[in-house]
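Chemist: Sequence:
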Amino acid sequence: MKYGVNEQGYYGDFGGAYIPEMLYPNVEELRQQYNKIINDDSFKAEYNKLLRDYVGRPSPLYHAKRYSEKYGANIFFKREDLNHTGSHKINNAIGQILLAQRLGKKRIIAETGAGQHGVATATVCALKGIECVVYMGEIDMERQAPNVARMKMLGATVVPATSGSKTLKDATNEAMRDWIANPVDTHYIIGSVVGPYPYPDMVAKFQSIISQETKKQLLEQTGNELPQYVMACVGGGSNAMGMFYHFLDDEGVKLIAVEAAGKGVNTGHSAATTFLGREGVLHGSRTILMQTDDGQVVEPYSISAGLDYPGIGPQHAHLFKVNRAKYVSITDDESLQAGLLCSQMEGIIPAIETAHALAYLEKMTFEKNDNVVICISGRGDKDLSTYIKHFGF
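Numbering follows UniProt numbering, in which position 318 of the sequence shown is assigned residue number 318; successive positions increment by one, without gaps.
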């Protein structure tokens, strides 16, 4: 695979495992075992059965007719919002819990921003009867209260991260500290294509089911498995990587990744990593991140908790650097308007993260027969209070 990971865990200049010595045994165990485990026939059989019977896959590829008329192209929604737990996050959570079981782990930890990964992790831990601890920024806990309640109802312990910006970055720091303290019995389920190798590759593989299904569904619906455009929102970037994965080597397919501009890329309140960031190391991998001249991480900002991250996954950094994918950004206001439009035109209330991708349609021009696939990464019920506040419903 041209844009895939090499044996050292790098995508071009990005990736690797920049970790404290105390984490080396955990990460090395994963590196040595993960490919063997996930390619094992019994693993694949159990994983695919759970995706089908528990998650409800394949998720539909929906031809959005009113959107298609409005934007002058064939617009398709890949409906990850219809998965059990309401987003794409469950695809990876199931894969990693099965992996953890085969590694003999008895305890699961996770970090979460919007709470969707936390909910997915708590869900699969309940399914498998395994202890679950989720770290979540204090601010995110306030703005995503329904998801916090869900995690607790599912039996997880939710630990607030009270340092720094009290958001996703800080929750990740806390989870890593826990893992260092509990290396033997604990598996850390990272929710995005970030972190030390092999996580970016492993999470991308578990999410690649999205583009695998899409190709098949497009062929059935249009007679061609390759669209002109594939679009997704990007924070750390797992739904986008899953949506892009099986199209990466098809250079004719244009990949559009939409980041969060927050209040505007130059306002100091943004999470537009590729626009504002520089190369450096964040959470165990070399990538592009927002940082000061002396290398301190700049606090990101976005109205969507799931895009509020100061970096992107190393594979995304590579795709950006070599111009395989186009990275753009959308403001809070633009995303909220797009969320309302989708609700009223297609009867689908999207997560605010997803609405960033939908908003970028306004800035594009299409040929009449273009096929455009957008990953509807999550549903918007978790964001209703934000929508209500903004629109005054």
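Misleading hints may appear alongside valid ones.
[Unchecked claim] Quick list of the computed label-pair ranges, beta carbon to beta carbon: (1) M1 / E279: 47 to 55 Å; (2) F391 / M22: 20 to 28 Å; (3) V281 / G392: 24 to 32 Å; (4) G392 / P146: 47 to 55 Å; (5) Q32 / V281: 19 to 27 Å; (6) Y24 / M345: 48 to 56 Å; (7) S42 / D13: 44 to 52 Å; (8) K106 / K368: 52 to 60 Å; (9) K326 / E7: 46 to 54 Å.
No lab work stands behind these hints, which were simulated from the structure alone.
Positions of the beta carbon are idealized from the N, C-alpha and C atoms, including for glycine.
Chemist: Checked against the structure, which of the hints given earlier come out wrong?
Modeler: 1, 2, 3, 4, 7 and 9
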